[in-house]
Amino acid sequence: LKANVLADLGRGGDAVQLLTETLKTNPSSADLLYGRALIYSRLNNETAAEADLRAILAATPNHPATLNALGYGMSKDPKRLEEAQGYVEQALKFAPDDPAILDSLGWIYLQQGKTAPAIKLLKQAYERLPDPEIGSHLGEALWAKGNKAEAKVIWRQIRDQHPGSEPLLNTLNRLNIKLD
12 LKANVLADLG RGGDAVQLLT ETLKTNPSSA DLLYGRALIY SRLNNETAAE
62 ADLRAILAAT PNHPATLNAL GYGMSKDPKR LEEAQGYVEQ ALKFAPDDPA
112 ILDSLGWIYL QQGKTAPAIK LLKQAYERLP DPEIGSHLGE ALWAKGNKAE
162 AKVIWRQIRD QHPGSEPLLN TLNRLNIKLD
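Quick note on the working numbering: the sequence shown kicks off at 12 and runs consecutively.
Quick caveat, the hints were computed from the structure, so don't treat them as lab data.
Note that the structure is a prediction, hence the values are computed from the model and not measured.
Hints may contain errors.
Stated by the list, open to error - Below 30 Å or equal to it, Euclidean Cα-Cα: the simulated DSS-like pairs (lysine-lysine) are:
#1 Lys134 to Lys87
#2 Lys156 to Lys104
#3 Lys131 to Lys87
#4 Lys163 to Lys134
#5 Lys131 to Lys90
#6 Lys35 to Lys13
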């Protein structure tokens, strides 16, 4: 909990240090490794995040959240999209209704240019969990498909419900879109 608070305060390095120190007393703790992996990912250190996630999978190979986190992290590298897809599809077998996993696979499909299946998965994910990141991904998929009005409706909902949403702002800036 303290590590997450530190990361939320922009002190990711301190959060990693705290978890690393705590791991010295319990080096195989999946919870601590997973928490540190997520913070590493927030710090864009996907190599370190991947090492922690693989350590968890060595002990618990069918852990859906870990498989999903590994695949989603890999999807940040366009050269690893197929590998990422494999991990996320494996996670989906164990948790077929998990909105985070549906979102990850939809996001990977979108990056691969598979817009129609991406939209289908992202809509399922957003219906189950109307999270700003999932909605931002769905809006981007709809935008890519040419459904710009529908994308803007979703993005406006996110803006109204979650002012200052980082995933939304990042998406709009990256695509150079202004919402009226």
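Hints, verified against the model:
Taking the CA atoms of Lys134 and Lys87, the gap is about 21 Å. The hint holds against a cut of 30 Å. Distance hint between Lys156 and Lys104 is fulfilled; the C-alpha atoms sit about 27 Å from each other, no more than 30 Å. For the hint pairing Lys131 with Lys87, the CA-to-CA distance comes to about 21 Å; that is within 30 Å, so the pair holds. In summary, the hint linking Lys163 to Lys134 is supported, as the alpha carbons are separated by about 15 Å, within the 30 Å threshold.
For the hint linking Lys131 to Lys90, the alpha-carbon distance of about 24 Å falls within 30 Å, and the restraint holds. Restraint check: the Cα-Cα separation between Lys35 and Lys13 comes to about 17 Å, which is no more than 30 Å; the hinted pair holds.
Hint check: no violations occur; every hint is consistent with the structure.
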